[in-house]
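Engineer: Sequence:
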Amino acid sequence: MAGFWLLLAVLGIYALVRLGRAGEGRGAGPGSGHWRISTSVFALALIGGGGIVSARGQWPIGLVMVGAGLYLLTASRTGRQVPTRSEALSESEARDILGVGEQASEAEIQAAWRRLIATAHPDRGGTKGLAEKVNAARARLLRR
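Under numbering that gives the first Met the number 0, the first residue of the sequence shown is numbered 0, with each subsequent residue one higher.
Some hints here could point you the wrong way.
Estimated spans, in silico, between C-beta atoms of each pair [to be verified]: (1) Trp4 x Ile116: 42 to 52 Å; (2) Val40 x Ala87: 20 to 30 Å; (3) Asp122 x Gln102: 56 to 66 Å; (4) Ala54 x Asn134: 12 to 22 Å; (5) Ile51 x Ala14: 21 to 31 Å; (6) Lys127 x Ala106: 24 to 34 Å; (7) Ser39 x Leu129: 14 to 24 Å; (8) Tyr70 x Leu129: 23 to 33 Å; (9) Gly124 x Arg55: 18 to 28 Å; (10) Asp95 x Ala117: 11 to 21 Å; (11) Gly66 x Glu92: 16 to 26 Å; (12) Leu10 x Ala54: 20 to 30 Å; (13) Ser104 x Leu69: 55 to 65 Å.
Hint data in this document are derived by calculation from the structure and do not stem from the laboratory. Just so we're clear, the structure is a prediction, and the values are computed from it rather than from any experiment. Glycine included, C-beta positions come from ideal geometry on N, C-alpha and C.
Kindly produce the complete structure, drawing on both the sequences and the hints.
Structural biologist: Okay, here's the thing in structure tokens:
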């Protein structure tokens, strides 16, 4: 029976960590920090439950539960930071990223941006950093 609860705890940890990582960097919208509270409560329950299970004589399972709770506490507190460039993109860098010429019109810039963002967006298999570069290049060329 303890193995069932241990498996359930592992699945809960996996789900909460995945939920937290998926929600990072999306802004401070409604509910954006609730997963950390839920994760902390679940981690404390794991630690407490691990202590109780250990006190009842099943110390290997109790140690695993305490370890899982400690892992969950640290995983929910450490976010992955995306390094940002301190200097702005130059116009030539922006043109290279979008693949447009020096005399590109606003419509050509928008078309190049749409073509690239379709594959660079994180929802389409790209990365957040790549999508930010494509967006920064478009913004740089449109404000010249």
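Engineer: A separate judgement is required for each hint: does it hold in the structure or not?
Structural biologist: Hint by hint, here is what the structure shows:
1. Trp4 x Ile116: 42 to 52 Å: holds (45 Å)
2. Val40 x Ala87: 20 to 30 Å: violated (43 Å)
3. Asp122 x Gln102: 56 to 66 Å: Given range 56 to 66 Å: violated, Cβ gap about 33 Å.
4. Ala54 x Asn134: 12 to 22 Å: violated (55 Å)
5. Ile51 x Ala14: 21 to 31 Å: holds (23 Å)
6. Lys127 x Ala106: 24 to 34 Å: holds (27 Å)
7. Ser39 x Leu129: 14 to 24 Å: At roughly 32 Å between Cβ atoms, leucine 129 and serine 39 fall outside 14 to 24 Å, so the hint is violated.
8. Tyr70 x Leu129: 23 to 33 Å: Cβ of tyrosine 70 to Cβ of leucine 129: about 30 Å, so the range 23 to 33 Å holds.
9. Gly124 x Arg55: 18 to 28 Å: violated (48 Å)
10. Asp95 x Ala117: 11 to 21 Å: Once the Cβ atoms are compared, 19 Å apart, the range 11 to 21 Å for alanine 117 and aspartate 95 holds.
11. Gly66 x Glu92: 16 to 26 Å: violated (47 Å)
12. Leu10 x Ala54: 20 to 30 Å: The hinted range 20 to 30 Å holds for leucine 10 and alanine 54, with Cβ atoms some 24 Å apart.
13. Ser104 x Leu69: 55 to 65 Å: holds (57 Å)
Against the hints set out earlier in the document, violations occur for numbers 2, 3, 4, 7, 9, 11.
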